[in-house]
Structure formats: C-alpha cells, structure tokens
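J.: Using the sequences and the hints given, assemble the complete structure.
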Amino acid sequence: MKALQKIQSRFVPIPMENIDTDQIIPARFLKATTRDGFGKNLFRDWRYENDSEANPKTDFALNNPLYSGEILVAGKNFGCGSSREHAAWAILDYGFNAVVSSFFADIFKNNALNNGVLPVTVSESFLQKIFEQGNEATLSIDVESQTIRIDATGEQESFELNSYKKTCLLNGYDDIDFLLSRREAITKFEKESA
Amino acid sequence: MGKTLFDKIWDKHVVEKIPDGPSVLYIDKHLIHEVTSPQAFKGIEQRGVPLFRPKQTIATADHNVPTINQHLPIRDELSRMQVEQLINNCSKHGVELYGLGHPYQGIVHVIGPELGITQPGMTMVCGDSHTSTHGAFGTIAFGIGTSEVEMVFASQCVLQTKPKTMRINIEGELQKGVVSKDIILYIIAKISASGATGFFVEYAGSTIRSLSMEARMTICNMSIEMGARGGMIAPDETTFEYVKGRPFAPKGNAWDKKLTEWKELYSDADAIFDSEININAAEIPPMITYGTNPGLGIAVNGHIPVLEHISDEGEKKNIEKALQYMGLNSGASLIGMPVQHVFIGSCTNSRIEDLREVAALVKGRKKSDAVKVMIVPGSQQVAKQVHAEGLDRIFAEAGFQIRQAGCSACLGMNEDKVPAGEYCISTSNRNFEGRQGAGARTLLASPLTAAAAAITGVVTDIRELI
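So the sequence lines, in the order shown, correspond to chains X and D.
Numbering of the first sequence is given in the working numbering, commencing with residue 1 and proceeding in unit increments.
Numbering of the second sequence is given in the working numbering, commencing with residue 1 and proceeding in unit increments.
Everything labelled a hint here was simulated from the structure, so no lab data went into it.
From the three backbone atoms N, C-alpha and C, an ideal C-beta is built for every residue, glycine too.
Check before you lean on any hint, since a few could be wrong.
In silico DSS-like pairs for lysine-lysine, Cα to Cα no more than 25 Å straight-line [said to hold, decoys possible]: (1) X/K2 to D/K317; (2) X/K191 to D/K317; (3) X/K129 to D/K317.
Only part of the chain D face toward chain X is listed, based on derived beta-carbon distances under 8 Å [to be verified]: (4) K92; (5) G94; (6) N293.
T.: If you want it as structure tokens, here you go:
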C-alpha cells in the first residue's frame, strides 16, 4: 500500500446521500479477478446514458470539466450496501485519494483504509460549507494532524483516525503485514482456547 | 455489570487489542465465494504465504452462476473464468469447495446454516455484506472486503474496531399475513438505512423468540441494510433443535459439551446496551418499499410520503430522486399498481419455509398472465426438499418458473435481470438503482406479499387473500 501524508487538491462534489456501492461500481463489473482497471467504470450508470461512453450524462460531476482533483466529496452514508471492495478500488483507480462525507458506512470505510484511500468524516455543517465552495476551491487534508481545511476561507475541522491506522497510512503499511507478524501469538491463542 | 451476548463472544475471540487501534479478532469460520476471493488468493500468493488455516474456510459458487442448465459450461465468459478460478484456487490452497453440481452448493448464507457449519458462539466472516444472516444462531457474523479476506487467509484473523451495541426488542403477536421480512423492513423504515451504522444489533423479545430459525435468519440478514455491522439473536431451544443432526454439527459427547457452552450465550439481565429500541409487534403491517434504499418502506396499504411534508432537505432530495427513478408519485398508494416481475429468492428469502409459505398461498391458484414469476431456491438442498414435498408441482401449476440455486436476480450478475423501467416485487434485500438490472425498479417485500402480486398481477395487501 502506498503511503499517504498530505493532500492539497480541488475536489469533485456529489451532494447525494446514501450513495451505495452498487452505484459506485455496478455488479456487472465484479467479474474481474484483479484489482486493476475499475476506475473507468466508477459510477458507471450515473456517468453514461445506456452504458455508452459515447453518451456521457453531462449533469454528472465526473463528466463536468469544471471539476477535478484527488478528493471526492459526497453526502452522508457514503458507501452503504454491498461489501464489495471493488468500490474502493474504483475510487482509487480513478484518481481519488480521499473521500469526504459526514458519515461513512462501516465496511466501505475499512475497505478504503485498506487501500490507502482516506475516508474523512466531517460535520454536516462543514460538509455543506465545502459544497458551497466554487469549483476552483481547494481542500487541504493532513493525516498527521488529522485536519481538513477549506483553503480559501481557512476554516478547518479535525477528523477521527486511530493511531494504528494513522501509522499505517503515513508509512504505507498494511494490516496483512501486521497480522503476519502476529502468527505466533495467534497460534498460542488457538491452543489456549481449544 | 453484566455482559451482552455480543461482548461474551467478542471477548472470547480477541487475540490482542492494539492500543488506540483495532483488535485482532480470531475467526472460527470463513466462507468464500467466486466474486470477492480471487484478488485475496492472488494477494497471499504474491506475498508467498500459505493459507494459515485452510480447514476453517469453506467455498461455494453463487453470485455469478446461471440458474438454468447448471450442468452445462457457463456461457458468460467472464463468469465462467471467475468460477473456474475459484475451483483452481480452492484446489491449490486446500479449501473445501461446494461448487456447481455439488449437492451442497448454494447461496453462501443459505448453505452455512443448513449444513450445520454455522453454530452458536462462533465468529464468522465472508466477503459479502449479508454475512449478518448467521447471527440468527448467536454468532458474531459480518461482511468484509477482499483485503480482509486476505487477512483471514494469512492469519485466520481480522483487525476490527469494537462496534457499539444496540438491542431491538419486539414484543407481542404479529398480525395475520405479517412475517419476519415485514418485521425487518419495518425496523429499517423506522430507523433509516443508516440508523444502525456503527452498531452490532441484538434482536430480542417474545416475538423474536417465537420465530423459527429461518425467519430469524431473514431478520439478521438485512441488519446491514440499516448500516449495522451485524445482527444477532441469542440461541435457544429452537436454535439447538435446528443445528442438531446437521452434517457439520457436533455429535455425541462433543454435542453435549457444546450445548452446555451455548446455553450461556445470552445477554445478562443487567447488561447495558449503547442504544435500545422497543417495538410492538401488533403495529407491524405487511411492508413494501417504494424507493431506492431499503429504508424507504411503507405499509403495503399505506402512502408514499408527501414531499412537501418532509422537513429535512437532504432526505427530501433523496426521496425525490428515488421517486423519479421508480416512476412513482409523492403521496401515492401502491395498492393496485401493476408489476411485471416477481422474484422469490436470495439469501434473505429462499429457504424451504419461505417456499412452503408461498406454495400454501398459491396452491390451486394461477399467476396473472401479466407477470413473470421466478422462484430461485437458495441451495441444492432446498431445491431437493421442494421436490420431495411436491412444492414444485404446485409452482408449475401456478405458472411459476423454478430455477436452480444461486444469487440470481437479487443482484443480476448472471442473466437473471429485470428489464429497464419494469417493476419487480422481490423478496431480496436491496432496491438500489440498477440492482436487478440497469433501470430495473425493485419493490422489496415478503414472500407472501410477492406471491400475492404474482397471483393478482398488482401490488396487493396479502391480508385480503388469506
């Protein structure tokens, strides 16, 4: 997993609530057996008319040339529904390194963190302030200090991140390396609970 | 202070708690399927580590499989490759696979319980959000992503932050025509699609105690639809009776020993939950959803909310968008609205009791000519039982099509899809946009309400047919 320390970037706003992982990556794209290439199908059915890349839906933020950046900003309960990690892979592959919302579904949050995509939970009012910014506005996210700032106004909020996950993100460590290092303790646990 | 059922099981499975971090949680049983496992197998291969405890993982093919002609090669090339890769991965890594053609094949959350793999007090995970189903046995069972599947492969553990606990007490007798699917749709409508996010839910009360195991599974199955990490029910005689004698259930002395342990699995009288909700069973009607998340549900004879009456702007926008997708009007009633499809299946409602209920209702009746009806049993074992009890004849006479086991039109990964713009009353768990096919419009309901619509061709209050 790649390390993530700071992001300063413009953002893509999708001010919808309850965005489920079926929208982020529809089931028909789950037939792949690798983690690569999901970005082109991110929000596929919100992005294209009749599944045709020749017919982009112009009112959808990803198709709006005014918006770009490494940060996706969305309404509350982002990533609900299916546990498909393909949703996090699609977001990362498209080029987003952070998702900002006032509320994340639990499984999505874990999946994002396990792929080095930072879920940033902000208050509902801060989220609305971000949505009110113009398309040129930038956000600064700092993992070390756990803060997110609207650069134009200087308003900022801190977000939650446990120190274990913070260390993982800052250094690009993943949970599997950690668990592999604990196999002796796990074997001991198995013997004791048998 | 007493302990909750959740805490009792959780505490027994924590290998280590990382300071200001998650816990290393030991997993007793790991279920896998073809869609969320290939990248995890690849992951451990790239790291050069073997499966740590291959005997504790069980595989089946369900999401992607066709539900007709399962003896023939899968026609869709990508689906075929994914299923073949599961076969190769399982054989290479020593994982037991109940694949196509195996008498134990079926939807992963149907086969676990019916084979006795799922047992009280366990921790169970699967790369599928409806793993919460297994909580009906008093297990901590939850869905995980593929990176976490890889963690279990590598260490038989996952890293998990302990969720908060919620208890939902349901007391009293259900109205006629109201079944467990209505209970869970009612709860989700009441607390919303995110109302239990961050919580692990225990369902309790006299109504829950009176339910069969299969009815309890339907409730736990949809816990994820209100955002819960999982749902669970304390095991009791109903549970023990169900597990006893199943292929993987403990036998002889081992059974007696386990039974003694299982009888301790309940929330202590003085246990404190972070949140409690009380529901009177008598107020639960037959339910149906009108929107594009499972929280947008109403009594089948009720009315869609009037947009102007919704004060929360975000919610109003949500419902407006949902109604536009669904082609429905603010304030309208769904009763009498024509539907084109009825899907009876999925890990929520494809077990033998569901199909018995449907058969009892449709016996001697015929489906409406305007509706296509598909019944997809949850497993080969369910299909066998359907045949043994002669339910297949009842369905055939009613004009219902019976298919072979799989996830099918619940998520439309195979060819079982609902065409754009058409309505499907579905016993599955999600009504998201495009879930049953691009542009498909899903109305979630119980098997009884779905069967009633199959007969009349329109949304029907089941209480008028029984």
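J.: Evaluate each hint against the coordinates.
T.: Hints, one by one, checked against the model:
1. X/K2 to D/K317: violated, 37 Å
2. X/K191 to D/K317: violated, 55 Å
3. X/K129 to D/K317: Holds - the C-alpha atoms of D/K317 and X/K129 are around 18 Å apart, at most 25 Å.
4. K92: violated, 14 Å
5. G94: At about 17 Å, which exceeds the 8 Å cut-off, the nearest Cβ of chain X leaves the hint on D/G94 violated.
6. N293: holds, 5 Å
Going through the hint list in order, the structure does not satisfy hints 1, 2, 4, 5.
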